[in-house]
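Visitor: Take a look at the letters that make up each chain.
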Amino acid sequence: MTVAPLTDSRPTLAVWKFASCDGCQLSLLDCEDELLTLAGAVRFAHFTEMSRSTIPGPYDVSLVEGSICTPEDAERIKDVRANSRYLVTIGACATAGGIQGLKNFAAAGAYAGAVYAHPEYLRTLESSTPIAEHVAVDYELRGCPIDRGQLLEVLLAFLAGRRPVIAGHSVCQECKGRGTVCLLVSEGTACLGPVTRAGCGALCPATGRGCFGCFGPCEGANTSALATQLRETGTDEFEVARLFHTFNAWAPAFRDQFETSAALAAATSGREVRRDDGVGR
Amino acid sequence: MTTRHEASDGSTIEPGDVVVLHVQGLEELIASLIDAGFDTRGPSVRNGAIVPGALHGVTDLPKGVHDVQAPGRYRLEHSDDGQLFGWAVGPGSWKAEFFPPSQELWRASPAGDSMVFTEPAPDQRRLAIIGARPCEVAALSVLDRVLANGEHRDPRYVERRDANFVVVVECGRPGATCFCSSMGTGPGIDAGFDVALTEVDDSDGHRFVARPGTQRGADFLSRVTHEESTDRDRGARVAVLERAGVQMGRRLDTEGLASLLARNVEHPHWDEVAERCLSCANCTLVCPTCFCSDVRDTTDLAGDFHRRRTWSSCFDLDHSYLHGGPVRASVSSRYRQWMTHKLSTWWDQFDTSGCVGCGRCVTWCPVGIDITEEVRAIATSDGASRRDVPSVKGAP
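Protein sequence lines, in the order shown, are assigned to chains A and B. Under this note's numbering, the residue at position 244 of the first sequence is numbered 244, and the numbers go up by one with no gaps. Under this note's numbering, the residue at position 34 of the second sequence is numbered 34, and the numbers go up by one with no gaps.
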């Protein structure tokens, strides 16, 4: 352990991992051009993907990646909160429960049994939940993974004491801004853009692929209106359910639409949603 | 027998004249605009739609391409007819050329005890738009009222528009969502252009009836191969416009429309629309006259400050955010704001309709909400109030 020199006035930054793939915190290392300048502005006090050298808290800003899936993590996040002036959650796991949130829809132990040879060695909670369900969060940055430009913007905003300039509107505004022709209208491609939060720069539609919904629901997402349109333009109801059942499955707007569509699909097909529909149980 | 003038024979055309160009003449017109230093842009096929793009010659035009439009639906069809302008407007409007989706307004750098402010260099590009439709020229004139002729001039918009050369092509094949004839903005046009063309393809052949609208338009036309027009040519133009009027897919009854909407702010139909509305802002972003923007300041790692303006939308919750929250929190209030501004309060503010009848908001709404239908729904139950219908969901 190193000791901070008394003369170092840089604000301290800590990065914490919970149940996650590390992709979001690696976005910080992906800021290659800005990383050294950033290191001049903040002190990386705890960032084990970058260095095993850490300094003790409290910290000015903590970035928290991952969801709460174990009893230990449910306690550990309280320590992180207690040691952080500002706590910012990053990514779909930390803000919505992540892909592991699919287990919230399944019978207890169903996923662990399908994945692990000896699930009896696991001690996990029955749900994967976002950090904000456990402790107070100062800012939530969405995305699977987060956008590194947005991450820098959030850090710069906290450094400057201003509000981050991060949009809450839909991906459609990003498509229109870059001149991408709407896939829903011009091809009938199923696309979650109209109900998904902007931030990725509308990457997928620009390559001809409908939006996957990586950034979760936008502000005021009207998922039922989009689901109605998808249905009317020929998307199977199981598929509609599946579209809402990915990285942000546990985000309330997506969760509600999945449950509605899954029930409708079951009622009209006479069978339940199966795992090979890509939707869980 | 018509008189043919070669590109260089020194014949003079005046505004008000009507001449005929063939494809070769159009090619020469594009080339002469390029030679004069214009950045020539026109319709191009990209990702399954006709959108503004670079235009270097006639071969770049969407030959034989037609569009099929419906609420929430757009498809292109390819034919072997030689029509170059056989389509109605696509999702991209010329607005973006003058009022870009995102632009830095200035940056400021700390320098000792003071700040140094820097504005981006002026835009030197002279833009020639080739193949704008009459509704689009009408839309630019609506935008001019807002961004150039109003109390608050946007200097960048003004500099781009001042240098702008417009070749309009009258509409011969309106789409199923078009209603320009209701709005008085098409399918023909009499002003607001340098050169107007009408594509004609009849027993006398494929040609363009051309009319200069300005002296510089006349000068450019004088320099390209053309013929004097005959009664048959001028009659053929009228026939194209008459046929277009008949084919117009939609209509909007504008009689008393502004006051109809003004007295129906509590109509239950706003809530019915909100059930279907995604509030995704597509209608406003494809609209050629919507001008709302968001101005934000950011900081960077070098310590500089940036002020940037980006397109915004009245459907964006943040757009009406004041201290304590958004003024228009419900979708019904946002849809109502958009439509009543476009068709009613725009008159109070800018002395014109904000809608030119291009139909983009109808086609490019992912769920196909149709402004002409929504107006009709309100008109047929004029005076209904959701205050009388306490069970309506979502009423504020």
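Quick caveat, the hints were computed from the structure, so don't treat them as lab data. Quick caveat, the model's predicted, so the values are computed rather than measured. All C-beta atoms in this analysis are idealised placements derived from N, C-alpha and C, irrespective of residue type, glycine included. Treat the hints with care, as some may be off.
Here chain A is said to cover these stretches of chain B; the calculated rule only asks that three of the stretch's residues, wherever they fall, bring their Cβ under 8 Å from a Cβ of chain A [to be verified]:
#	stretch
1	27-40
2	43-54
3	65-79
4	250-263
5	294-300
Visitor: Hint by hint, say whether it matches the structure.
Guide: For each hint, the structure was consulted:
Counting residues of the stretch 27-40 of chain B whose beta carbon lies closer than 8 Å to any beta carbon of chain A gives 0, which falls short of the minimum of three for the stated coverage. Given as covered by chain A, the stretch 43-54 of chain B passes the check, having 5 residues with a CB less than 8 Å from a CB of that chain where 3 are the minimum. Here's how the stretch 65-79 of chain B fares: 4 of its residues keep a CB closer than 8 Å to some CB of chain A, so the rule of at least three is met and the hint holds. Look at the stretch 250-263 of chain B against chain A: 0 of its residues bring a Cβ nearer than 8 Å to a Cβ of that chain, fewer than three, so the hint is violated.
With 5 residues carrying a beta carbon less than 8 Å from a beta carbon of chain A, the stretch 294-300 of chain B meets the three-residue requirement, and the given coverage holds.
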